[in-house]
Structure formats: structure tokens, C-alpha cells
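Number of protein chains: 4
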Amino acid sequence: MKIRVGIIGATGYAGAELVRILLTHPEAEITAISSVSFEGKKLSEVYPSYRTLCDMECGTQEEVLEKSDVVFAALPHGLSQELAAQCDNAGKAFIDLGADFRLESEDEYKQWYGCEFLDYDLHKRAVYGLPELFRENIKGKKIIANPGCYTTGAPLALAPAVKAGLVSTEGIIADSKSGVTGAGRKPSQGNHYPELNEGFHAYKVANHRHTPEIEQTLSKLSGKKVTITFVPHLLPVNRGIISTCYARINDGVTFEQIRQEYEKFYENEFFVRVLPDGENADIHNVKYSNFCDISLHHDKRTNTLIAVSAIDNMVKGAAGQAVQNMNIIFGLDEKTGLIIVPPAF
Amino acid sequence: MKIRVGIIGATGYAGAELVRILLTHPEAEITAISSVSFEGKKLSEVYPSYRTLCDMECGTQEEVLEKSDVVFAALPHGLSQELAAQCDNAGKAFIDLGADFRLESEDEYKQWYGCEFLDYDLHKRAVYGLPELFRENIKGKKIIANPGCYTTGAPLALAPAVKAGLVSTEGIIADSKSGVTGAGRKPSQGNHYPELNEGFHAYKVANHRHTPEIEQTLSKLSGKKVTITFVPHLLPVNRGIISTCYARINDGVTFEQIRQEYEKFYENEFFVRVLPDGENADIHNVKYSNFCDISLHHDKRTNTLIAVSAIDNMVKGAAGQAVQNMNIIFGLDEKTGLIIVPPAF
Amino acid sequence: MKIRVGIIGATGYAGAELVRILLTHPEAEITAISSVSFEGKKLSEVYPSYRTLCDMECGTQEEVLEKSDVVFAALPHGLSQELAAQCDNAGKAFIDLGADFRLESEDEYKQWYGCEFLDYDLHKRAVYGLPELFRENIKGKKIIANPGCYTTGAPLALAPAVKAGLVSTEGIIADSKSGVTGAGRKPSQGNHYPELNEGFHAYKVANHRHTPEIEQTLSKLSGKKVTITFVPHLLPVNRGIISTCYARINDGVTFEQIRQEYEKFYENEFFVRVLPDGENADIHNVKYSNFCDISLHHDKRTNTLIAVSAIDNMVKGAAGQAVQNMNIIFGLDEKTGLIIVPPAF
Amino acid sequence: MKIRVGIIGATGYAGAELVRILLTHPEAEITAISSVSFEGKKLSEVYPSYRTLCDMECGTQEEVLEKSDVVFAALPHGLSQELAAQCDNAGKAFIDLGADFRLESEDEYKQWYGCEFLDYDLHKRAVYGLPELFRENIKGKKIIANPGCYTTGAPLALAPAVKAGLVSTEGIIADSKSGVTGAGRKPSQGNHYPELNEGFHAYKVANHRHTPEIEQTLSKLSGKKVTITFVPHLLPVNRGIISTCYARINDGVTFEQIRQEYEKFYENEFFVRVLPDGENADIHNVKYSNFCDISLHHDKRTNTLIAVSAIDNMVKGAAGQAVQNMNIIFGLDEKTGLIIVPPAF
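Each protein sequence line maps, in turn, to chains R, P, B and E. Residues 1 to 345 (my numbering) are what the first sequence spells out, left to right. Residues 346 to 690 (my numbering) are what the second sequence spells out, left to right. Residues 691 to 1035 (my numbering) are what the third sequence spells out, left to right. Residues 1036 to 1380 (my numbering) are what the fourth sequence spells out, left to right.
Pulled out of the complex, with its shape left as it was, chain R reads as follows (with noise of 0.2 Å):
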């Protein structure tokens, strides 16, 4: 018998993409769908790509709880907390791709986003959904904090170098460039295409709330508090993100030592490929798919690593990743429905 899914906020980007992925899932149906701007409409109504192969209607949040297994949540901050309670009571596992559950710490989740933790018990049983980082962890749980896009993008470009302690975690700089999706569904004047065609600009620069997640996932890894400069552009394409990560490599530590904890780190992960030298990672190459592609490089002139992840926001950076760690708690392959292969064109 298949997983029962339900999507809360099916028709903002990531519910759509979470639609999309699961409709070939071979172990999970989706059993109902919701959305308050869309309440009563078809989600081939909005979103006619999906005309005949996904012509469910949207329901309300109480509906969707009553007939899942498993709730997939993208919605703005703030409205998780709640609903993670209702499933914890009504004994669902519950997948939250937005902020709620993923800073640890209360403080800084006021400091960036401006609300509290209404139940510190069910923080506690949180767990923060980067399987190839914290795969142990996930097992077992079934409050999953799904990460955000560049905060998957970056700290899988640092981790292996950063956990086994080959660079400084001083100075470290992750300069990301998104396509458009991450910005939403909702059309804004900066989104406008004619304004957004043919531009490029860094935005909330060293001010972007994915600051501190980043930072937690790294001080982990590491054993120390870690504060880092981030700087996220956006790019006239629809899906992708590039970080060019810099960090200063550690003395007496050597670029192949570094190349080879990054091969032995990811040897067994379907989804990170770490790429040989000479290859650049490129969005181009993991569109509509779960991988991260990771490019190494040396700067040795002044002793720096270079590493550039290349992720499809909405898949690794959303919807896929969140499919991942479903399959992770249901005790299935890890790939399970994931193995998409990322369009040569």
C-alpha cells in the first residue's frame, strides 16, 4: 500500500514541485492537496501543465490532515508551528519546507524572522532534513524541518572541508546566484519579466535570513560557532543555484588532501557529484533533478579554496530534498522517485 501524501500549499512553487515529483512516485500517492488562494479550484486550473495528470481539486488544511500519511507544508514562516502540532496529535509525519523548525536557536529565529517558538518540546523533536549531512539524525523522526535553498546549496559546497578541518572557518564568503523560482509564484515588479530579462544584481546583501542557517549547519560540522559573509544575486533563469564558496586553506594542508576528503565524503551519496578537475559546476546540468554538483578549485596565489555547488533550488533546495527525507523516515531507498535525469537541454 502506498504512502498516503497530503500537500498544504500546493499551489505556490514548491507544493507544485512537490506535485510534479510525487506523481511518479511508485510508493506514494498524493491523496489530497490544499490551498487558501486556490480553495475549490483544480490544480490543473492553475497550473495547466498538470491538465490530466493531476486534476485534483484544493482542499482545505483539515482535509488534507485527515487523509495523509505524511503532510508536505510550503508555507510563508509562521504558519508551521501550528499544524506541526496537529500532526504530531494525529500521529503524521510532517515535512515543513518553510523556516519554522530550522534554526535551533530561539533567538535567532526573533532576530531574523520575528516570531517565537510556540512549543519548545516539539522543537526539540525537530530535526533539520539535510540527509546527506545529518542522515542519522532523520531516521526515526517525523517533524522534519526541510532546509532552504541556498542554505543546502552552500553548506554541502563546504562541509567535507569544513568538518574535517582542512580551512579556516574565518572569512568564510558564499557568494550565491538563484534563478527566479526561489522569489515565489507571486508577481512583484522586481519578478515584472521585462524588468528581471537580461538583468542580474545581488540583493539583501550580507542580510538574507539563510545567514544564520547556514552558519548553524557549518558551526556543526565543525565543533565551533562559525559566522560567514553571504551575499545571494538573482539570475534570469528559472531553476538553479550557483554558491561559489571561498574559504582560506588551513597551512600544511594540501588542494589534493582537500579534493580527496570531498571524494571520500560524498563516495556513497547518489546525489552529490563531486566533479573532476577541469569540469565547472553548472545549473544547467542538475535542472529538474535532486544532485548537487560540486566543482574544486585552487587559488594558489593566496592559498584559497574555491567550491561551487550547483543545485536546482526547487528539487535539492525544496521539493526533492523534502521527498528524500520522506523516503528516509519511511524506511524507503533514499531514491525512491528521485531518479531524474536532468535534461541535457
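It should be emphasised that the hints constitute simulated quantities derived from the structure, not laboratory data. Keep in mind that the hints are not guaranteed to be accurate.
[What the hints assert, rightly or not] Sample of chain B residues with no beta-carbon within 10 Å of chain E, all distances over it, derived:
1) P766
2) L856
3) H898
4) E969
5) H988
[What the hints assert, rightly or not] Okay, derived cross-link-like pairs now, BS3-like style, lysine-lysine, Cα gap no bigger than 30 Å in a straight line:
6) E/K1198 x R/K300
7) P/K570 x B/K732
8) E/K1145 x R/K300
9) E/K1077 x P/K549
10) P/K680 x R/K335
11) E/K1239 x P/K386
12) B/K990 x P/K569
13) P/K565 x B/K731
14) E/K1370 x B/K1025
15) P/K680 x R/K41
16) E/K1174 x R/K300
17) P/K680 x R/K2
18) E/K1260 x R/K300
19) B/K954 x E/K1077
20) R/K186 x B/K876
21) B/K731 x E/K1370
22) P/K508 x B/K894
23) E/K1335 x R/K224
24) P/K645 x B/K910
25) E/K1076 x P/K531
26) E/K1221 x P/K386
27) R/K264 x P/K386
28) P/K609 x P/K680
29) B/K1025 x E/K1102
30) P/K455 x B/K990
31) E/K1239 x R/K110
32) P/K531 x R/K264
33) P/K412 x R/K335
34) R/K225 x E/K1335
35) P/K645 x B/K800
36) E/K1177 x E/K1259
37) E/K1335 x R/K220
38) E/K1076 x B/K954
39) B/K894 x P/K609
40) B/K732 x P/K645
Just so it is clear, CB atoms sit at the ideal spot from N, CA and C, and this is done for glycine as well.
Once you've looked at the hints, dock chains P, B and E against the given chain R.
Frame of chain R, contents of chains P, B and E only:
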């Protein structure tokens, strides 16, 4: 046991797209690929998006023939006739994505392609593989002429009306717009990014080789010789073809009759979606999938039918349809391996 | 002394484009701009590309009228009639980029726009400002109805053949494709970057308000009532319109005659470039300029003329043509301020 | 009498952009152009956007030298030294858009370009043409090394802080993103539309030839040898470079001081626009113009200056700056012919 599939010309765009689709086909297995330009190289060196998914090496045509039950050939025209004969002799199915077997008239083949038929018997046993229109002829065949891209989208838009005699077969116009992958993988000035980006133009106006192929299909459907005006244009997108087709509605025929005819004609066709009134076929909604969306419009002021079809030129217009043909001739459900959800963005 | 120019609706796309062109016009000076949405804001706050070049503040319509010799209005239809009357009373020239004065028939205006003529005398004194076709009528006028974008490109493509009676005026089809700026500055779901990017579709099929305006022009040229089929499409580019126009060539007329007629018709028109055989009009080649490129093609098999025009919808299709009209009514060389080299990339 | 201008390499992208700008320069006249690849062809056959505006035929280098007062050379590196000598002997000004005269150190030139200095005296009399930083040196010179594209944007972003000693010159990082025209006109697999479109990647990581040139400029400004980490990326847009530059703020220096320094440094520079707090430099806002927009940001948590510059790589990063240099050495107002309004869309 899975069907053993070989691909000749695997490093061209159609070949690469066959790989993408066949890698997740549950009843088929790619057993050999070949490429003249990249012999000895891994496919994933040519297309890094396939890394770890298809690291198979490109071999020779001979190797492909030897190791497969069905051979897909994605070659420039003129190179498939001999290959078809070899497959025929070896008892293997042959699906040709090139043009050699598409035209039944040798005269037209000479006129538009400058080549001759090498073996009349072979040509007689070949069949034109547009399943929605000629499914019954395809069953039991082993040499399939897979249609071209424009020659799939425009005929599907017109077929129900032409076959039922609801529109005049004189003065039909097909104004088509194709994404760039239709021009293939080889770099050229016209497809150099800065010269194509933000541009748009018609090309080979009333002079494109797909013209006689569209006419052949419409003539078969209508039972009389049809001549059309066909103008292709180049869209600055990777994938997709819109064909805007114009035909004068016959006296006494209502638009409502036409709509009903389309709905009946395609009611059991999974891959054709006739859109309701008020919607417009959009390449956005069929990308990466084998769907053909059709929207119907009535110019009341001139009593003209405007039927617009949208396909992905590399899928329904090439590799997807080829796999659909394989499914038919091997007795599989036509949808096998082809339920690809078109991404919502 | 320079012409004092005022722009009403300066923060819309047509208004902003007028600013771009007029800022370097040697005989004109922008003396006042207005905007309902951004009153009190600097134009360069709305469009940061204009910083230091036009930091003028948006004022009211009244201020614009007071400070200018000529008023350009880039407003939604229905708002220009009263404004025209005010300009008329104040002795100022009025160039309307909206639709209020374009149609000579009040019935058609009612049918397509749902509004009535407020002042018949005013409408009689207004003139349709397509200089290449109606230059002599424009001279000496003070109320100019600047044509729409589609209504410039399609008529210019057809005019010489229609006027000289070389093609049938029955069954003319204009299949047009426009860049996104034609839809204006206001964000919408359809123009949200991720939903338009890599997409393409027809819209308002055989139902677009520019239809009667194109017909009005062709009817004037041919001397009889012309009805056409007009289908616009939305291109994922910022600027440019291709109009692919189809007309049956009259018996006894050769394509060579038609070509000669076009070359003669436009030989003294700086802004119309009739391309030689073998070239295709491309929006790439007219971007940011006031040019209209026209390529001519002959479908010998059906004896159809295919005339393709390319314009920049915001320049020759809006602001540039408006400035061309200003030059005419102020007795300047028509090219003044409009010799803008279309970038090669 | 106008300056007689010759362009060698007129059919490359930088050459074609020189033509675009010079065609409307009021004090200059293009008298001859040359191209090895297109000798005997009209420029408008190579770039149809220039039809009727520049139908001049491509001749030889010799003809260009003979007919001009100033020679612009847009050639691959290694080809300019001899040409410079010829111009020098003939008493003509020479503005080199290639790399031959940019580096003052022959060792670095050898290391990064593999060539030698042919004439030391000539190199001594050449001057590096970045007017905002070295204007006084340029006046009176006749051999100008026009800076590269990255080497204009990154130094302008950092110059005020580096020159005033407000940031550490150790650990500076320039993370740059360039449009595709930077790679030139020649088609390649990497710039083939379908493979670049919707893609993004770094290239020549910490290994790009512009590195020593940026360092040379920063070293001159700071008075000590500066080594930086420089990583370029390829943006799927035609034009524009964003350089996101990171530098540690020196102890005791406030961000407010830095901002004041920038505003003072550039207060009389028409082509540099220091943006107010809260705005982000965007290539969208400088396209087709000679502007360099700079936005300043403070990462308080790590006390890092993040200075972001935006230029059009083909204008301020190539042809526009070359014309700016011409204006200087011919005693014209630097803005002459360069007041190009960046389009709002």
C-alpha cells in the same frame, strides 16, 4: 527481460533526448550507443548532466547493431537507408529519427532532399510513425519513419477537421515557431547565444523540407492532394513548437461541430490534450513531455478555424514519439516510460 | 529655442521610452512629466537606469499642460479625449499614444473599446499618425492618434501590395508575435518571469482590439472594406514584433512586380528597410530603433505573398513614432533625434 | 573638421560596438574599417542591424592606417604591438582594445599571455586608459591600452577604499559575472544557445588573464603589491558585468567613512554613479551605456565591505571606454558621443 535498445547518433540532440527518456523506461535498457564524432568518449563527457546516470562509452554502429533488439537512428538524412537494410537483415526493429523513410513519393524525396530510394521494397515495408493518426499501420512493423517536429505538431492540429471534411483543404496555412534545439547541436553563427537571444525571425519561408511531409499526412487524411503554405520561425527558447494553423470552415459547418469532432477524435489519446475554450496552447505546458496540447479558436468575422498546437519538439517531435513507436511495435502500453510530468515552471 | 515637451503617464513603459528618446533629441526638451501612481517621485526612482539623466519629479497633468508646447499622453484608453480638448483649447499639440482617436468609426470604437466619442469635432480634427502611409494628412495637425504596435507593423508589411491592388484583400492573415513590454509595466501572473520564460503562446486569438485599426488602414489604402484574420502571440523577449502577413497574389501579378512596388513605395522612407531576397526580417536588427524591416517571400506553390515586418514595439510601435509625428507637426526633419543605431547584439 | 576614425577588427563584437557608438559621435567620422575574415564585405552584411547606417566595406589594415587620425584595434592579443609601432611612425593615435599594452611587467605578460614585449620604448610611452583612475596620465598620450572588461568593473568598485587605505589589501575577492558577448563572436559549443540558455557556471576559476591587470591597478592605487582572488562566471545574458568585491574593513574605519570616500572620489565622474543605501547595482540599469553603477554594502557581522559594480562589458568595458579615451587625447569633452541613455527595459 528488458528490450535491448541501441542508439546510433547518441550525441546529437535527438540521440541525447532518447537517452534521457530511455534511462527511466521500465521495460527497456540502453545496451549500446554510437557516435561518429565522439567515438570512445563517455556520453557523460559530452553531456555532463548525465554523469553517473549514463557513463556508457560511444562505440560504433556495428556494436550497436550487435547488442540491441531495436535500433534508434538519429542521423542526418541519407544515412539511414543502408542501416535500415542491415537491421532488417539482422531481424532488428529500426526506428529512424531522420528523414529517409518519411516521404512515400520518391519524386518528392528527390526534390526536397536530393537523394534517391535505394531499395523500394524496404520503403514499402516502412511505416510513418505518427501513432495518433496511423496507429493501426504501425503495429507489426519493424521499420518506422519517425515524423519530424513540425510534421507532428501541425498535422495533429489540423487532423480532425481535415479528416472529417469540415474545413477547406485549399489555402491552409501553418505558421510555426520552434525552439532552437530543432537546429541541432552544432554551433553556428545564427545560434550563437548573443545573436539569437532577444531575437525572432522566420526562416526557409515557404521552402522548408517539412512541407511535403505535412502535406502527405493531410492528403492521406482528406483523401485528396493537399497543398499548404508553411512558414517556420525560430524562437529564442530551448524547446517547443507552436503551430498556428488557419483553415477556412466549410459552409454549413459550425465551430461547435468542429470542437466536438476534435474531442471525439482525441478522446482516447493520452498524449493529446484538447484544451477548453478560453485557454491557449503554450509550449510552457508541454516542455520535456510527450504531450501535444491543442487549442481551438474561431474567427467569426472571416469564418476561419484557428487551431494551435504545442509540442516539445525534442519529445513528441522526436525522441518521445520514437519511444511511443517502440512501445507499439513491442506490444507495450504506449505510455510506458512516457508519463513525464511537464514542469509547471 | 527648443520645443517644450510634456509627458503624461511618464512612468508607464511607453512614457519611459519617450523619455529615453527625448533626452537626446536636439530640438526638444522635456519640461514636465506626470504620473498618477508615482506623483512626487523622481522618474529615476522608478527607473534607476535614468539616474542623473532624468531626476525630474512626476507632477500632475495640469503642470504638464502648463509647461509644454506639445503633450504626449501614454494613458489607458478612455482618458485621452478630455485631455485632448484641454490641449486644443490651450493651443498645444497633443500626441496620443492611447487608442481614443485611432478609430474613425464610433461604432467600431464602441464595439471594441466600449466607449463613446465625446466630441465629434475633435475627432474630425485628429489625424492617424502613421507617417509612411499618411504623412500629408499629418502636416499641420495638432491632434495626433499615434498608432498601436501591431497596427504599425502589419500595415507597413502589406501597404504597397494592398494599395497597388497586387494582392487579394480577401483572406489576408496577420500572424504577429510581440515582446512582453507590449503588455505594460504592471506585474501579472502571465508576465511573471518563471511563467513566461521559455514559454510561447497565442492570445486574444481573432479577438484583439488592434484588428479594426489594421483593417481601417488597409481599407483606406485599397479603397474598399478589408476584413482580416489577426492572431497575436507573446514572445519571451522584451521588445520587438514580427508580423508574418499572408495574402493571395492576384492573377497576372508576378512576385518581381510586387518587390519592385515595395522598393518604390519605400524608397524615400528612412525608417523602412526593404530587405533583399534571402534575408529575413528579425526583431534583433531593429531593437531600440525606429526602423521597420520588411522581408518579402513568395510561396510559389500556392502563389501567396508572405510579407514579414519587424519593428521595436516600443519605438516604431509607440514612442519613436510619436516623436516622428512631433517632428512632422513642428516642421523638423523627421529623423531628428531618431537616428538610433540598433545594437548588433 | 571631424576626427577621422579607423577601426581594425571591425567585425568582432568590440569593433561592431565601436561602430555603433561612433556613428552618432558628433566630432568623429568613421573613415575606414578592416576585417580579416570579411574583407570586401559590407559591415551591414555581417551585422544587418547596421543596414543603411553603415554599409561601408571592410578593407585592409593598410587602408585603415592611411585614412584615419586615430586607429582603434580590436584584435586578439599579440597582434597589436607591430600595429602600434606603425601608427606611432605615421603620427596617428592608437587605441588598443586588446591586451598587448595593458600589463607593465613583461614577466606577467609572458606568464599570462605567452608573448614578449617587442619594443620597450613603445611600451613605456603607452598608457593604461582607465580615465576615472588615471586621467592625468592619459592626456597627451597617443598609445592607449584600453582596459579589459573585468578589469574596469572590479577596480572601479574597489578603488576609493583601496586608495584611501580603508580596507585591507590582503584577502580581497572579486566574484564577477559576465554576459556572453565577452566571449566574442565566434560560435562555440559553450555559447551555443541551447547549452548556455538557463545555465550558469564559473570558469577559469582563479586562473583568468584579467587577474594580474586588476592587481596592477589596485597595486598602483594602494602603493603596495596587491594579490587578489578573482573568479569569473558566465551569465545567460548578452551584456553586462556584475563584480561583487569583498574586502575586510580596517580597524577604526567606519562604513560611513567609506561611503563618504566613494562619493567624494567619484563626485565629478559623469560615468560613475554611486548608488544610495538600499539600492543594488544591476546590469539592467547600465545596458548599452558607458555608466558604471556602484552599490556599497556593509557586512556588520564580519566587518566586510561589499562593493558591487555594474557595467556594460561592451561599452564601459570596451568600446565606450575606448571612445572616452579618444575624447581625452583629442581634447574633447569626455562625454562627447557617450551620453547614451540606458533603456529602462
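Exercise. Since B/H898 was said not to touch the interface, does its Cβ keep a gap of more than 10 Å from each Cβ of chain E?
Worked result: holds, 22 Å
Problem set entry | Satisfaction of hint between B/K876 and R/K186, Cα-Cα up to 30 Å | holds, 13 Å
Problem set entry | Pair hint outcome, P/K412 versus R/K335 [Cα-Cα no greater than 30 Å] | holds, 29 Å
For this session: Decide if the proposed pair is consistent with the structure: P/K645 and B/K800, CA atoms, cutoff 30 Å inclusive.
Result: Between P/K645 and B/K800 the Cα gap is close to 18 Å, so the pair holds against 30 Å.
For this session: Mind checking the alpha carbons of E/K1335 and R/K224 for me, to see if they're no more than 30 Å apart?
Result: holds, 20 Å
Problem set entry | Proposed proximity, B/K894 with P/K508 (alpha carbon, max 30 Å) | Answer holds: P/K508 to B/K894 is near 27 Å, not above 30 Å.
Exercise. Regarding the pair E/K1077 and P/K549, is the alpha-carbon distance no greater than 30 Å?
Worked result: holds, 24 Å
Exercise. Beyond 10 Å from chain E, beta-carbon-wise, is B/L856?
Worked result: About 25 Å separates B/L856 from the closest Cβ of chain E, which puts it past 10 Å; holds.
Exercise. Regarding the pair E/K1370 and B/K1025, is the alpha-carbon distance no greater than 30 Å?
Worked result: holds, 23 Å
Exercise. Holds or violated: are the alpha carbons of B/K954 and E/K1077 at most 30 Å from each other?
Worked result: This hinted pair holds, its Cα atoms lying about 23 Å apart.
Exercise. Is the hinted pair E/K1198 and R/K300 satisfied, with a Cα-Cα distance of at most 30 Å?
Worked result: holds, 26 Å
Exercise. Does the structure keep E/K1177 and E/K1259 at a Cα separation of 30 Å or less?
Worked result: Holds: E/K1177 and E/K1259 sit about 28 Å apart, inside 30 Å.
Figure legend: structure checked against the earlier numbered hints; hints not met, in rising order: 4, 7, 13, 16, 31, 32, 40.
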